[in-house]
Every structure is written in C-alpha cells, then in structure tokens.
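Given only the sequences and the hints, what does the whole structure look like? Please build it.
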Amino acid sequence: QKEVEQDPGPLSVPEGAIVSLNCTYSNSAFQYFMWYRQYSRKGPELLMYTYSSGNKEDGRFTAQVDKSSKYISLFIRDSQPSDSATYLCAMSEVDSSYKLIFGSGTRLLVRP
Amino acid sequence: SQTIHQWPATLVQPVGSPLSLECTVEGTSNPNLYWYRQAAGRGLQLLFYSVGIGQISSEVPQNLSASRPQDRQFILSSKKLLLSDSGFYLCAWTLDSITQYFGPGTRLTVL
Numbered sequence: 001q002k003e004v005e006q007d008p009g010p011l012s013v014p015e016g017a018i019v020s021l022n023c024t025y026s027n028s029a030f031q032y033f034m035w036y037r038q039y040s041r042k043g044p045e046l047l048m049y050t051y052s053s054g055n056k057e058d059g060r061f062t063a064q065v066d067k068s069s070k071y072i073s074l075f076i077r078d079s080q081p082s083d084s085a086t087y088l089c090a091m092s093e094v095d096s097s098y099k100l101i102f103g104s105g106t107r108l109l110v111r112p
Numbered sequence: 001s002q003t004i005h006q007w008p009a010t011l012v013q014p015v016g017s018p019l020s021l022e023c024t025v026e027g028t029s030n031p032n033l034y035w036y037r038q039a040a041g042r043g044l045q046l047l048f049y050s051v052g053i054g055q056i057s058s059e060v061p062q063n064l065s066a067s068r069p070q071d072r073q074f075i076l077s078s079k080k081l082l083l084s085d086s087g088f089y090l091c092a093w094t095l096d097s098i099t100q101y102f103g104p105g106t107r108l109t110v111l
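Protein sequences, first through last, are from chains E and A. Residue numbers for the first sequence follow this note's numbering, so the first one is 1 and each next one is one higher. Residue numbers for the second sequence follow this note's numbering, so the first one is 1 and each next one is one higher.
Hints are computed from structural coordinates only; laboratory data are not their basis. Warning: the hint list may mix true and false statements.
Stated by the list, open to error - Just the calculated beta-carbon pair ranges, DEER-fashion: (1) A:18 to E:18: 48 to 54 Å; (2) E:60 to A:28: 27 to 33 Å; (3) A:28 to E:42: 18 to 24 Å; (4) A:15 to E:67: 29 to 35 Å; (5) A:65 to E:93: 21 to 27 Å; (6) A:30 to E:20: 37 to 43 Å; (7) A:30 to E:46: 16 to 22 Å; (8) E:12 to A:2: 33 to 39 Å.
None of the values given here were measured: they were computed from a predicted structure. Using N, Cα and C, we set each Cβ at its ideal position, and we do this for glycine too.
Structure representation (structure tokens):
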C-alpha cells in the first residue's frame, strides 16, 4: 500500500464547476499537508498548506484535512480553464528534514 | 525575493554517459535542498536531501549521487547513466522547513 493515494483522473469539468480533489494516506504521523499545481512540463507550484486538521481558504481554493479519516481535499470554486493542470497532494511529518511524500497527482481539465 | 534555477532545461544522453545537473538558489541562506525525480504520469520521488553544506542524505539506492559544495548549490550526478534514469528532475528548497518551492526542472532522456 502506498503511503499517499490519489486518483490519477483525468477529471473533466465544465467551466464554473466546483472541483473536488482528494487524497488518502496511511501514516498517522503526517502533520503538514500541501497541495501543489503542476502545469505540463513545469515544476510544481505550491498552492496551499495546512497544519494538522481543519480548513483553510485562499480565494477560490479551500483545503480540508480530516486526520481521523486520513483524508484531505482541495476544493476549487468557479473553476477556470486556466486551472487545467495536475494537482499533487503532499504530506510530511514534523522532523528536521521535512521530507515530503507526494501523491501521484490528479489531472484536471476545465472545459470552456 | 528567492529564486531557484536549474540547468540544463533538457538533456538527451546516451546510456553509459556521465551526468551533472545543477541547482542554485538565490536570495536566501542555509536552505534545505532536495532532488526529486518524476516519471511520466507519476508523483515525485525524493532522491536526496541536504540540510547543510556537505550533508547529503540518500533516500533511494540507485545510480545517482548528490553533492552540495556551496550553501546554495546542489548538484546531481551519475558516472554511467541507465535507461531507467530518464525522467523529470526537480530541485526544491525550503527555509521554514514546511513549504518546499520547486525549480523549473530538467527533462532527461537517456537513449
């Protein structure tokens, strides 16, 4: 079993839709949870991060963490064609190296 | 502001040839530095990380090595490339030990 599981998609939605992206994990020691956006042939770009459980909102993006279920989500409201990319979740324990463990990414396509 | 550079952007190398990829960070001091590899359609695999000059930790035993000769320079090397070394190599840095910021990547094709 992988430490972090993520549906590869592709997920295709019409412009303006609410998008829900999810990851599950097995390591209860994970404390930091990140979402990265990666456009084709580019490096990942950090979108949001949260510590422990709870919600965090930034513009059209909302990140949720449910540690009891080992489940994290990223919601995108009013999705735009420019949101079309691969979304990677990542997690880390609290130690001196802060190594990130990544999901395999979900490819999102927002249709105009 | 901080900037991370990687070069070359793309590289095509024959099997058995050596490799040297370079990553430099500007605008910060004493960052943690990381090398990742991303295979097509897959997530990022951590290869090496460094918490200081000369300090390298290897995550995956393989054909690659890393060095950190200066505070903001991280080098990924190989003496003899394998076909399986093909992929998208990404360098990342962090200063607050929470958020990692990635460079533009190097796309390596081994033929």
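Evaluation of the provided hints:
1. The hint said 48 to 54 Å for the Cβ distance between residue 18 (chain A) and residue 18 (chain E), and at roughly 50 Å that hint holds.
2. With their beta carbons about 29 Å apart, residue 60 (chain E) and residue 28 (chain A) fall inside the hinted range of 27 to 33 Å.
3. Roughly 21 Å separates the CB atoms of residue 28 (chain A) and residue 42 (chain E), a value that falls within the hinted 18 to 24 Å.
4. In this structure the hint that residue 15 (chain A) and residue 67 (chain E) lie 29 to 35 Å apart at CB is violated, the actual value being about 45 Å.
5. Range check, residue 65 (chain A) to residue 93 (chain E): Cβ separation about 26 Å, and the 21 to 27 Å hint holds.
6. A hinted range of 37 to 43 Å holds for the C-beta pair residue 30 (chain A) and residue 20 (chain E), which are about 39 Å apart.
7. The hinted range of 16 to 22 Å is satisfied by residue 30 (chain A) and residue 46 (chain E), whose Cβ atoms lie roughly 20 Å apart.
8. In this structure, residue 12 (chain E) and residue 2 (chain A) meet the distance hint of 33 to 39 Å, their C-beta atoms being roughly 35 Å apart.
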